[in-house]
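*Asks:* What follows is the residue order along each chain.
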Amino acid sequence: MNELCTDLRELIVRAEARFGACDAFRYKVKSGSESGKKDISIESRTYSQLKADSERFSAALAALGEQGNHIAIIGVTSYSWVVSYLGTVNSGSVAVPLDAQLPPEDLCELIDRADVTTLVFDESREQTALLASQRCGRLKNVICMGEAFNDAQLSLWKLLGEQNAGFECDIQPDRLATIMFTSGTTGKSKGVMLTHRNLAENATCLDMGFEPNQVLMSVLPIHHAYCLSMDILKALSIGSVICINDSLLRVAKNIKLFKPNMMLMVPLMIETLARKLEEAGPLPAAIVKSAVFGKQFHTICSGGAYLNPAYIDLFRKYNIEIKQGYGMTECSPVISTNYIGNTKAGSVGKLMPNCEAKVVDEELWVRGTSVMQGYYKMPEETAEALSDGWLKTGDLGYVDDEGYVFLTGRKKNLIITPNGENVSPEEIENKLGMNRLVLEVLVRDNGGSIEAEIFPDYDYASKKKIKNIQEELQKIIDDYNKTAPLYKRVFGLKVRETEFEKNTTKKIKRF
Amino acid sequence: MFDKLADIIVNYVEVSKEDIKPESRFMEDLGFTSFDFMSMLGEIEDELNVEIDQEKAADIRTVQEAADYLESIV
Chain B
-19 MNELCTDLRE LIVRAEARFG ACDAFRYKVK SGSESGKKDI SIESRTYSQL KADSERFSAA
41 LAALGEQGNH IAIIGVTSYS WVVSYLGTVN SGSVAVPLDA QLPPEDLCEL IDRADVTTLV
101 FDESREQTAL LASQRCGRLK NVICMGEAFN DAQLSLWKLL GEQNAGFECD IQPDRLATIM
161 FTSGTTGKSK GVMLTHRNLA ENATCLDMGF EPNQVLMSVL PIHHAYCLSM DILKALSIGS
221 VICINDSLLR VAKNIKLFKP NMMLMVPLMI ETLARKLEEA GPLPAAIVKS AVFGKQFHTI
281 CSGGAYLNPA YIDLFRKYNI EIKQGYGMTE CSPVISTNYI GNTKAGSVGK LMPNCEAKVV
341 DEELWVRGTS VMQGYYKMPE ETAEALSDGW LKTGDLGYVD DEGYVFLTGR KKNLIITPNG
401 ENVSPEEIEN KLGMNRLVLE VLVRDNGGSI EAEIFPDYDY ASKKKIKNIQ EELQKIIDDY
461 NKTAPLYKRV FGLKVRETEF EKNTTKKIKR F
Chain V
4 MFDKLADIIV NYVEVSKEDI KPESRFMEDL GFTSFDFMSM LGEIEDELNV EIDQEKAADI
64 RTVQEAADYL ESIV
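Quick mapping for you: the protein sequence lines, in order, are chains B and V. For the first sequence, my numbering begins at -19 and goes up steadily by one. For the second sequence, my numbering begins at 4 and goes up steadily by one.
Quick caveat, the hints were computed from the structure, so don't treat them as lab data. Check before you lean on any hint, since a few could be wrong.
Unchecked claim - Computed list of lysine-lysine pairs in DSS-like fashion (alpha-carbon distance at most 27 Å, straight line):
id	chain 1	residue 1	chain 2	residue 2
1	V	Lys59	B	Lys462
2	V	Lys7	B	Lys256
3	V	Lys7	B	Lys18
4	V	Lys59	B	Lys357
5	V	Lys59	B	Lys233
Stated by the list, open to error - Counterexamples of contact, computed for chain B against chain V with all Cβ distances above 12 Å:
id	residue
6	Glu23
7	Trp137
8	Ala232
9	Lys233
10	Val246
11	Gly369
12	Asn399
13	Ile446
14	Asn483
Backbone N, C-alpha and C define an ideal beta-carbon position, used for all residues, glycine too.
Whole structure, please, built from the sequences with the hints as guidance.
*Replies:* Shown next as structure tokens:
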């Protein structure tokens, strides 16, 4: 049973009051053994420990004079990450979760653009922390989630050890809580500003019918709104046990270790796991399900990108329900979801109770308490996205009489990859276009992977005596791929002999 | 190692073993998704009893590169 919370402090206080001694988190810990091989054990933290540790981090920020400032958090999902996040927002400060996969230079740019004064990072982002210390002028504190790498850095757990729990702070629901970066249609990522009310109401306004103490395994990147809101905030609000998957390499192994009942996934993962189920051939469904997911597993929540409804039917044969949802970071993020007793085939779910929708020129617009405040320091982009409180989703679709949302296409020029990442084609086009051999370039989705179509500068090629243009262009793409995170890499190349068709403003016609 | 790898690859994508070449690229040529690739490496970890670095794995493009990396950690 969910109770509506209007700020994240209230969410944690209520969760702790109801589930205090229960496990909130479970995660793997590796330790050396006499044989030299690492032993793996599971550690856990209760709701009471989570609340106390996050309050200690709030107190530590106050002691550093950072209360109310912008705090960037970079790292993979971990208990320390969540403690840092909750400690930040519940001290009235603003958390800026950043994509740990981005190159250090890009992360420094985002740290500057978000006016970050304290950086919290996990041990594997040492290079980013060192670079940020040199380059980011406003940065005052650099805190490592493990042991500090140098005297200029602080150690998170040492800081917490110096503080007492019980930090109190009066949080106004409409106070800014988080800035989350998302790909922009102009190629420059935009900082989505979400308040406490945005996030807390999105996580708690709908009772999806899940019982407390359900074991959930978190496999998605935590800097994404979908993971942060559903895997962490919603899960905490309903008393789930959140198990942390330490690597995408080990999803299958970790399912056996943690024995989850539920997982939040993107379509890419569902497709791979579907093949695992089907590989088993004619064996009874219950045996196959038990081998892949364990007997206890019952629900997958899918979001981030379009899921072929055939997978919902396939998983149902194995007694696993897929709850398809729809949302975007700008709406904290859930706009609609299918849930127990409320599902409709072909729909991306029922509109959330805190959300209303209308259709303008075929585009779906939504309004409600989860809609962002705007893009950080981007008034023009904000004015384009918001109109009188209505968020223009960029998706074409409609809502039926019963409140179910149906999507029919996209208006905005963003690539949504099957793993839910939003990629701006312009960002990649700008990078590839910096090479003289690339006269015109168009980047698009090709069946789930990114493809570039290039009209090369044939005059330049002839001047430079470039004989194999295809090979040379592939080298340019390979160079770009070396620094790009996996989801932004270009896996296909088409070379044109003629220039692209243009519209009246001389822009390449995309469709 | 290449041979062992090819045996595992055919369980993940619809490709025959003889079509797998050292220079075959997992995503472009063999049709892997990024999650297929990660899942396969997870299986290899168990088979070879090794620990694979996820960040290094993300830089692997061809079957030969994967074989070389695995040789280096076995």
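*Asks:* Does each hint fit the structure? Answer for all of them.
*Replies:* Going down the list of hints, with the structure as the test:
no., hint, in the structure
1, V:Lys59 with B:Lys462, "holds (12 Å)"
2, V:Lys7 with B:Lys256, "holds (20 Å)"
3, V:Lys7 with B:Lys18, "holds (25 Å)"
4, V:Lys59 with B:Lys357, "violated (36 Å)"
5, V:Lys59 with B:Lys233, "holds (20 Å)"
6, Glu23, "holds (19 Å)"
7, Trp137, "holds (24 Å)"
8, Ala232, "violated (6 Å)"
9, Lys233, "violated (6 Å)"
10, Val246, "violated (9 Å)"
11, Gly369, "holds (38 Å)"
12, Asn399, "violated (7 Å)"
13, Ile446, "holds (22 Å)"
14, Asn483, "holds (31 Å)"
Violation of the numbered hints given earlier is confined to hints 4, 8, 9, 10 and 12; the remaining hints are satisfied by the structure.
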